[in-house]
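Student: If you read the sequences in order, they're chains A, B, C and D. Going left to right, the first sequence walks through residues 1 to 359 as my numbering numbers them. Going left to right, the second sequence walks through residues 1 to 359 as my numbering numbers them. Going left to right, the third sequence walks through residues 1 to 359 as my numbering numbers them. Going left to right, the fourth sequence walks through residues 1 to 359 as my numbering numbers them.
Just so you know, nobody snuck in bad clues.
Copies of the same chain look alike in the list, so a pair counts if it fits in one copy or across any two.
With a cut-off of at most 25 Å between alpha-carbon atoms, the simulated DSS-like pairs for lysine-lysine come out as follows:
{"no.": "1", "residue 1": "Lys212", "residue 2": "Lys161"}
{"no.": "2", "residue 1": "Lys128", "residue 2": "Lys102"}
{"no.": "3", "residue 1": "Lys348", "residue 2": "Lys338"}
{"no.": "4", "residue 1": "Lys40", "residue 2": "Lys19"}
{"no.": "5", "residue 1": "Lys338", "residue 2": "Lys128"}
{"no.": "6", "residue 1": "Lys169", "residue 2": "Lys102"}
{"no.": "7", "residue 1": "Lys19", "residue 2": "Lys83"}
{"no.": "8", "residue 1": "Lys83", "residue 2": "Lys212"}
Think of the hints as simulated: they come from the structure by calculation, not from any bench. Here the structure is a predicted model, which means the values were calculated and not measured.
There are 4 protein chains.
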Amino acid sequence: MVFFFLRCDYGLPVILILKNGVSDQQIDHVIDRVESLDLKAHLSRGTFRTIVGIIGDETEIPIDSLRAIVGVEQVIPVLPPYKLASLEAHPQRSVVQVGEVKIGGGSLAMIAGPCSVEEPERMEHLAKSARQAGANIFRGGAYKPRTSPYDFQGLGEEGLKILRAAGDKYAMPVVTEVTDPRNVELVTRYADMLQVGARNMQNFVLLTEVGKSGHPVLLKRGMSATVQDLLMSAEYILSQGNSQVVLCERGIKGFDTMTRNVFDIAAVPLLASLTHLPVIVDPSHATGRPHLIPACALAGLAAGADGVHIEIHDQPEVARSDGPQALLPQQYADLAEKMRQLAALLGKHISPLNAEALI
Amino acid sequence: MVFFFLRCDYGLPVILILKNGVSDQQIDHVIDRVESLDLKAHLSRGTFRTIVGIIGDETEIPIDSLRAIVGVEQVIPVLPPYKLASLEAHPQRSVVQVGEVKIGGGSLAMIAGPCSVEEPERMEHLAKSARQAGANIFRGGAYKPRTSPYDFQGLGEEGLKILRAAGDKYAMPVVTEVTDPRNVELVTRYADMLQVGARNMQNFVLLTEVGKSGHPVLLKRGMSATVQDLLMSAEYILSQGNSQVVLCERGIKGFDTMTRNVFDIAAVPLLASLTHLPVIVDPSHATGRPHLIPACALAGLAAGADGVHIEIHDQPEVARSDGPQALLPQQYADLAEKMRQLAALLGKHISPLNAEALI
Amino acid sequence: MVFFFLRCDYGLPVILILKNGVSDQQIDHVIDRVESLDLKAHLSRGTFRTIVGIIGDETEIPIDSLRAIVGVEQVIPVLPPYKLASLEAHPQRSVVQVGEVKIGGGSLAMIAGPCSVEEPERMEHLAKSARQAGANIFRGGAYKPRTSPYDFQGLGEEGLKILRAAGDKYAMPVVTEVTDPRNVELVTRYADMLQVGARNMQNFVLLTEVGKSGHPVLLKRGMSATVQDLLMSAEYILSQGNSQVVLCERGIKGFDTMTRNVFDIAAVPLLASLTHLPVIVDPSHATGRPHLIPACALAGLAAGADGVHIEIHDQPEVARSDGPQALLPQQYADLAEKMRQLAALLGKHISPLNAEALI
Amino acid sequence: MVFFFLRCDYGLPVILILKNGVSDQQIDHVIDRVESLDLKAHLSRGTFRTIVGIIGDETEIPIDSLRAIVGVEQVIPVLPPYKLASLEAHPQRSVVQVGEVKIGGGSLAMIAGPCSVEEPERMEHLAKSARQAGANIFRGGAYKPRTSPYDFQGLGEEGLKILRAAGDKYAMPVVTEVTDPRNVELVTRYADMLQVGARNMQNFVLLTEVGKSGHPVLLKRGMSATVQDLLMSAEYILSQGNSQVVLCERGIKGFDTMTRNVFDIAAVPLLASLTHLPVIVDPSHATGRPHLIPACALAGLAAGADGVHIEIHDQPEVARSDGPQALLPQQYADLAEKMRQLAALLGKHISPLNAEALI
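Chain A extracted, bound-state conformation (with noise of 0.2 Å):
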């Protein structure tokens, strides 16, 4: 007898490989499940693999579900998972907008800021560098997730006033991490967009709270995390009814510990290709080294990436956090020099802040 496919008006969101030497009351039973599942099975017989093709609505079918028949080897997904993230459901390009400041369609966000919010008469001087440099958004975290419970924990409710007024003084928009899902609310007050950080990345409950507060988010990546873990986070937040999502590649985990992490620069132009979301680069965290970073923010504008988010301290030595990995305002102006001729290049532009608060 010949194999063969005849041609459908349904999708066919997941192949079944079945095991080698099903019985023929195997395959029934296989086909019984599927069947019980509400989907539609369609089986193809060969000397060495009988395989099920399942039609259904992707958003509905059970893929743990079909994994666990008995009988199946491997169940192979031809739609990928995410659906309000994806570029091919959604092919026009989402621009985010923070404050004034659109992130991506060839706009770029510039954030800069120090690791943690500290006193305010640092806070404005560095919102003020940081302006001078260039950049159009400010950051600061004001509740830190410290490997150690030792280690400075952040400034609080507190450090949000100071991110806010130095932010304001500066007419810059400011972004800031949220780690409690009870804080969202809190944090939505004072910042125009929240971070969610890496290791909350899956942190699911923190995910739907951002989500429902409406507010931009900036989600990065987990040290972990596929390309398409990522997505499916996003797919959290923007399942909520909240679509300004920016992601940020900030490295990813490796074994040779001259970096902090590994900058998986190709993540760019991949999430580009599966996604309408603005993606942005994290070099500070991606490598650690402050001469490293601005190698490494030229390659991830040169990329692509709709921005560049990077610490900067005028003191590394007294920073409370991070200090390490800080570039000095005058090494960061250098470089958003650098960064705006690249810009030019590729035909994009640093998102420009309104000229009131002139500096």
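Position chains B, C and D relative to chain A; hints supplied.
Tutor: Frame of chain A; chains B, C and D shown alone:
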């Protein structure tokens, strides 16, 4: 002149290696900075490199600040950053008690149950099967951290009630995952042990709450967490005054897609050499492949684990989650018999349950 | 129209998933290309994706050429690319014989010896200690692949002679590493088994030569090799007509620096489910830490390994290489006793040596 | 007593940290062992740990032997183990010349060609396309290291002749891979530059032979090699008196299957900070996905690479190997134009070829 070290009566928690070619002025600056942090600095100059030994209370030494000092190339901590979890500081091994089950000190935890809590009849049936096979703690998730927002997210408080009832019926203590700091108090009311899952291992907000609860905690290693990261997360819980922590190796991220994760078996004896806390293994999540679980469970015991966590289901095909990696009750019973024999060979035993509610 | 698959009497080694939105013309082109490769193509169109099943002799299907066809998004091989190594194709498990030692089929290899061959007296002493402890194959490297050109590179042919003499004196077969295709014939003259080291696992020139030699081969898994890569390397040897191959899990690259590598214990049962070839473990290289080796050796046996490879040295401090990971002869003897007990529990035994040259 | 370090006129290449609780006798033993290795030991005792500084010629210090001393917990090398490759030792950056092409010092290599050498007409056509687009070195493999023994293994010497002829026709120098130490002399006769592939990066026998040849070498980073491993492999070649070495970042092993490897872009500026040798990138192998190659090539230049290696093919569908990752000549020409513009912005230029054999 000759380089040498003299005795001292202080600890030496940190060594700084300075950059090649640092000037005298830079070296003076390093010394000044170290002293401004209330630490003592001890200088050693070589032809190629100058080295500074730092003395102080190691829990107070700000490693980041040292790393940020201009002229410093490398900072080498001599002592580990965890204290309460350290075997060196607490040479007596801990035994954690969950209900009447003892974990550690030769007494093994046999945790079994479905991935998700399901309907009451099934949970009762599974609790009975688990207990009959030799399990001494029953598990089931009421709050499920799922990669996709479209997947089943757990039954919530209703699930907690079902789990508790099933455990009570067969006199088994129960463990369940908590994912939201707002739910810790609620989960504590129903469960004998709180699980912090791999994705939340560095959710420090959650760690702090489970620490405050004083309840026994099953802390799973994150997918890209080093053994030291795991111990630092345990330290978060311990530093809240809760010493009832059991660590769990459940697989780390790897490059081979044939298994779900890489089961890092060497972490078991490694942790035993570093901490007094009990360590168990979870071959279900480590491999994600039922046909590999029995071999890996036995390997875990042989490597010195204080228990084994395994997912079971009587109908994996209809499981609400993770069906594909569940063992059938009979498979679990067969494995449990082998574990009992291996435990005896190792001079250990499965912690017995009270004969009440005999089955 | 309805999509479905019909029976066929051919195998179905490969499925192509076409890109979203391929035109009819592109689909025709795909079919043409497939047929020009002397393969049969079977088309199935869905709303979202079109799929093409490929039929042909799977050893002849050029996966790369299929992947390169314009319009093809994904190529999914249904059958594994190794044939001779496959358990499916050769359901009878192989037993490899080295001298009188049998590896596989319940018979365990206990390979022990120093990293490098050293002076004759020490080698004799170590062979004696190893045999007395229960080892049945003696090892030592005469050609050492060292990361640094400044490190000791081995004694060469002189080392082979010393190794052979030490083995002969205590009636033990010997295994040693070969690193140069020009030396295979030479090494074969002295050794009972040829080791291909992790760094040479994909040195296909060398694999081909050891394949031609017909000599038993100990093939170590590369540090970043998947289990399938390892089987493909075995296939190189087997395809030269040499079926005397023993696989060795010796640790893969990981991110945690506390161990030298990650001991991928699950590879042991995984390999047992995929291949008929015997599998042993090397906890010395997998961990690089003597205090972790005994636990990991026992774990290896518990997971089903057909043997254990361990480095020993009577004076690790003066070893020419890898001293830090060597067990002392007495530590090895203590471990061997535990391995013997565990083997008995598992219904296996250490392959006995002839009583000649009794010790 | 007070702990301190005094000046010395020697280097301090290594620090030993002793185990907690070492006895005086053990410390004396450590000192004895260090001195028996003709090194000087300098002791510093603390409350928690005792430390020993080691002084000697760092190229002669046997790290392994130090690590093996009873009582030693950790060995910390202060200076890197590579000397000839080190920027610190040779602050003048090297320029490697291949034919008339200069690599390094602002002069970029543009290496292009098919994965495998194919028939003469195609090779001529591809050489012409490559040169017209702006490539300055032509590549093609005559000896292919393939994962499967059933895949095309290359045309051998016939391929070398075809490659040479195609290069000569368009006045381009050629680079090709050598995989067998027995073939180095042969390949040297035809090629201007020898490639050592990723799988052979630690094939020290081969490194030694290409070192002896004195020919320019393109050394690709292994899939699980650290940056230091790569430099140590370069050191093998350099230590044979051959300083014509160009390093190539071509992707490391990662956990995400959406790309073939992880393109470790930060390795480019990191290598530039450690070595005087030129560094190029290979986005073809790093990503394995044609649609990601242009972005990653530009990122490589922006990060400071001294050249880019890209696989091209006019008919990827019929390529003998790696067709799926090849760019079409027109895609390469478009990319080359962008690379030229970016090079100009960076103050660099593509190393020009002689106008002879104009095209």
